[in-house]
Amino acid sequence: MRTTSFQTFRFSSIYMLTIPLAFMIPPLISTSGYQGWIAMLIGGAVNVVLISCTYFVGKLASNSGQSWVVYGEQIAGKWGHRAVLLLLSFWSIYYVSLDMEQFTLFYGSIYMKDTPPWFILLLVGLVIMITARWGFSTLIYIADGTFILILIGVLFLLLLFIGDADYQMLPALLNHRNFTNLFTDVLSVISWIGEWFIFLFLLPHLNFDKNTLRNLLLANTMVTVAVLLTWLLVLLNFGVHYGSQVKYPILQLIRGTSFTGLLGNADPLFIGIWAISMIIHDAFLVYVGVSCLGHLFKLKETRPLISILTGTATVAAFQYSQNTTQYQKDLSELGFIAFWVIINSIPLYYLLLALVRGKFRRKKST
Amino acid sequence: MLAICFAAIALFEWKQLHNKPAQGKKAFWWLFSLTLVWNIGANFISWWPNPNRFILYLLGWI
Numbered sequence: 041m042r043t044t045s046f047q048t049f050r051f052s053s054i055y056m057l058t059i060p061l062a063f064m065i066p067p068l069i070s071t072s073g074y075q076g077w078i079a080m081l082i083g084g085a086v087n088v089v090l091i092s093c094t095y096f097v098g099k100l101a102s103n104s105g106q107s108w109v110v111y112g113e114q115i116a117g118k119w120g121h122r123a124v125l126l127l128l129s130f131w132s133i134y135y136v137s138l139d140m141e142q143f144t145l146f147y148g149s150i151y152m153k154d155t156p157p158w159f160i161l162l163l164v165g166l167v168i169m170i171t172a173r174w175g176f177s178t179l180i181y182i183a184d185g186t187f188i189l190i191l192i193g194v195l196f197l198l199l200l201f202i203g204d205a206d207y208q209m210l211p212a213l214l215n216h217r218n219f220t221n222l223f224t225d226v227l228s229v230i231s232w233i234g235e236w237f238i239f240l241f242l243l244p245h246l247n248f249d250k251n252t253l254r255n256l257l258l259a260n261t262m263v264t265v266a267v268l269l270t271w272l273l274v275l276l277n278f279g280v281h282y283g284s285q286v287k288y289p290i291l292q293l294i295r296g297t298s299f300t301g302l303l304g305n306a307d308p309l310f311i312g313i314w315a316i317s318m319i320i321h322d323a324f325l326v327y328v329g330v331s332c333l334g335h336l337f338k339l340k341e342t343r344p345l346i347s348i349l350t351g352t353a354t355v356a357a358f359q360y361s362q363n364t365t366q367y368q369k370d371l372s373e374l375g376f377i378a379f380w381v382i383i384n385s386i387p388l389y390y391l392l393l394a395l396v397r398g399k400f401r402r403k404k405s406t
Numbered sequence: 010m011l012a013i014c015f016a017a018i019a020l021f022e023w024k025q026l027h028n029k030p031a032q033g034k035k036a037f038w039w040l041f042s043l044t045l046v047w048n049i050g051a052n053f054i055s056w057w058p059n060p061n062r063f064i065l066y067l068l069g070w071i
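Sequence lines, in order, name chains A and B.
Letter by letter, the first sequence follows residues 41 to 406 in this note's numbering.
Letter by letter, the second sequence follows residues 10 to 71 in this note's numbering.
Possibly wrong hints are sitting among the right ones.
What the hints assert, rightly or not - The following label-pair restraints were derived from C-beta to C-beta distances:
{"hint": "1", "chain 1": "B", "residue 1": "Lys35", "chain 2": "A", "residue 2": "Gly312", "range": "31 to 37 Å"}
{"hint": "2", "chain 1": "A", "residue 1": "Asp154", "chain 2": "B", "residue 2": "Phe63", "range": "41 to 47 Å"}
{"hint": "3", "chain 1": "B", "residue 1": "Ile71", "chain 2": "A", "residue 2": "Thr178", "range": "35 to 41 Å"}
{"hint": "4", "chain 1": "B", "residue 1": "Trp56", "chain 2": "A", "residue 2": "Gly312", "range": "33 to 39 Å"}
{"hint": "5", "chain 1": "B", "residue 1": "Lys35", "chain 2": "A", "residue 2": "Phe223", "range": "45 to 51 Å"}
{"hint": "6", "chain 1": "B", "residue 1": "Ser42", "chain 2": "A", "residue 2": "Val110", "range": "23 to 29 Å"}
{"hint": "7", "chain 1": "B", "residue 1": "Trp56", "chain 2": "A", "residue 2": "Val167", "range": "46 to 52 Å"}
{"hint": "8", "chain 1": "A", "residue 1": "Tyr282", "chain 2": "B", "residue 2": "Lys24", "range": "52 to 58 Å"}
{"hint": "9", "chain 1": "B", "residue 1": "Gln25", "chain 2": "A", "residue 2": "Pro244", "range": "37 to 43 Å"}
{"hint": "10", "chain 1": "B", "residue 1": "Lys35", "chain 2": "A", "residue 2": "Val167", "range": "27 to 33 Å"}
{"hint": "11", "chain 1": "A", "residue 1": "Gly105", "chain 2": "B", "residue 2": "Trp56", "range": "44 to 50 Å"}
As the list claims (entries may be wrong) - In the BS3-like style, the derived pairs of lysine-lysine whose C-alpha atoms are separated by at most 30 Å in a straight line are:
{"hint": "12", "chain 1": "A", "residue 1": "Lys340", "chain 2": "B", "residue 2": "Lys24"}
{"hint": "13", "chain 1": "B", "residue 1": "Lys24", "chain 2": "A", "residue 2": "Lys399"}
{"hint": "14", "chain 1": "A", "residue 1": "Lys287", "chain 2": "A", "residue 2": "Lys340"}
{"hint": "15", "chain 1": "A", "residue 1": "Lys338", "chain 2": "B", "residue 2": "Lys34"}
{"hint": "16", "chain 1": "A", "residue 1": "Lys338", "chain 2": "B", "residue 2": "Lys35"}
{"hint": "17", "chain 1": "A", "residue 1": "Lys99", "chain 2": "A", "residue 2": "Lys250"}
{"hint": "18", "chain 1": "B", "residue 1": "Lys35", "chain 2": "A", "residue 2": "Lys399"}
{"hint": "19", "chain 1": "B", "residue 1": "Lys34", "chain 2": "A", "residue 2": "Lys340"}
Bear in mind the hints are in silico, worked out from the structure with no lab data behind them.
C-beta: ideal position from N, C-alpha, C; glycine also.
Use the sequences and the hints to build the structure in full.
This is the structure in structure tokens:
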């Protein structure tokens with residue numbers, strides 16, 4: 041495929057920004073109040089470590105010319121790596137099901153109140169399946185085009201909310217000190233924006249070199265700054281108490297803005313642009329699940345697998361929709377957050393194993 | 010219904026394939042059957058566990 045210098049940056053920004061921007065802010069305000077910025081910055085710093093681990097592990101695979109699903113056996117051993125691939129297959133489909141249910145709850149409660157959730161899930165599932173069938177290269181090219189739209193959308197949103205913000209709350213960011221929940225909040229931030237290992241699946245289509253490290257670090261910076269600014273503006277517009285209660289603060293801000301005309305009614309436009317990035321996000325996750333299962337079961341033809349995995353994610357999302365109270369409660373459990381942190385730390389385990397096995401030692405020339 | 014719909018699409022995709030390697034056939038049918046049984050259970054039985062339940066069984070003690 042045709043590659044360009046900042047392609048990884050565009051793709052990783054789209055991938056990482058879409059879900060936290062929409063769903064991370066109310067839980068963060070709820071648990072950390074005025075100090076969410078500290079958890080965000082520490083989480084962003086931890087991401088630098090995870091990205092570096094991903095880069096070093098990816099470079100080893102890139103030098104061998106193999107994809108990570110193949111090369112990983114040389115680091116973690118045959119059965120260790122296969123266990124990780126099986127876990128990642130489960131994780132990728134699980135993540136898609138969570139996204140689908142989040143989107144269905146959001147879209148169903150705001151725009152399609154009388155539509156049964158299974159119908160929205162079916163449509164979203166079919167769209168994700170068709171997008172994943174187009175293949176990896178097409179996903180990258182779609183992300184290339186969507187990036188500029190998302191960037192303009194985010195900048196526009198930030199400008200829209202600056203006007204109505206109450207800046208008298210700003211000193212509270214420094215004066216309110218309660219570090220009781222700081223550790224769990226950092227873990228929560230890492231669970232939302234820490235899955236940088238997933239870019240190992242860009243191999244062998246895109247090589248891992250210093251530009252890849254630069255691109256991933258830039259994407260991390262952009263995601264951290266964008267989510268931080270959005271968090272800040274939600275806080276300054278809604279306050280701590282209402283900000284933690286409102287389910288979709290950005291949508292409420294768009295609808296409640298003092299602008300009228302096109303700007304005041306632009307919520308469907310923003311949601312449409314955001315939904316494109318969500319579909320790219322989930323289609324890539326299906327691609328990851330298919331890559332893992334295809335390697336495990338030696339299945340070269342992946343199209344039937346795409347249907348199977350998307351169907352499984354859709355059915356799991358349907359299960360959540362049958363008891364949304366339990367679903368919402370589960371998302372805030374510490375065990376749930378711990379699972380995500382364990383998965384997101386995968387590049388760290390592989391790097392440690394690679395160091396122990398001497399994969400980074402330079403071979404002596406004879 | 011969702012389970013059956015996507016299973017039907019998967020079957021259709023499989024039938025469309027021209028080259029079906031022997032090992033791939035066995036693997037596909039195993040995977041297809043397991044996921045179909047699981048998804049039908051998940052679709053129609055109210056107490057069928059969802060992925061959140063598995064994760065919290067393993068890590069809910071934290």
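- Going straight from one Cα to the other, do Lys35/B and Lys399/A come out at no more than 30 Å? Outside the cut-off at roughly 36 Å; violated.
- Can the suggested window of 27 to 33 Å be confirmed for the beta-carbon pair Lys35/B and Val167/A? Holds: the Cβ-Cβ distance is about 31 Å, inside 27 to 33 Å.
- Would you check the hint for Lys340/A and Lys24/B, treating anything up to 30 Å between C-alpha atoms as holding? 15 Å, holds
- Verdict for Ser42/B, Val110/A (Cβ pair) under range 23 to 29 Å: 27 Å, holds
- Task: Given the hint that Lys99/A pairs with Lys250/A, test it: the Cα-Cα distance must not exceed 30 Å.
- Result: 9 Å, holds
- Item | Pair hint Lys34/B and Lys340/A, alpha-carbon separation not exceeding 30 Å | 11 Å, holds
- Task: Starting from the range 37 to 43 Å, see whether the pair Gln25/B and Pro244/A falls in it by beta-carbon distance.
- Result: 27 Å, violated
- Message: Just to be sure I understand the hint, the distance between the Cβ atoms of Tyr282/A and Lys24/B should be within 52 to 58 Å; is that true here?
- Response: 54 Å, holds
- Per the hint of 41 to 47 Å, is the separation of the Cβ atoms of Asp154/A and Phe63/B within bounds? Violated - the Cβ-Cβ distance for Asp154/A and Phe63/B, about 33 Å, lies outside 41 to 47 Å.
- Look at the Cβ atoms of Trp56/B and Val167/A and judge whether their distance stays inside 46 to 52 Å. 30 Å, violated
- Query: Is it true that Trp56/B and Gly312/A lie within 33 to 39 Å of each other by Cβ?
  - Reply: 38 Å, holds
- Message: Given the hinted pair Lys338/A and Lys34/B, is their Cα-Cα distance within 30 Å?
- Response: 10 Å, holds
The structure fails hints 1, 2, 7, 9, 13, 14, 18 (numbered hints given earlier, in ascending order).
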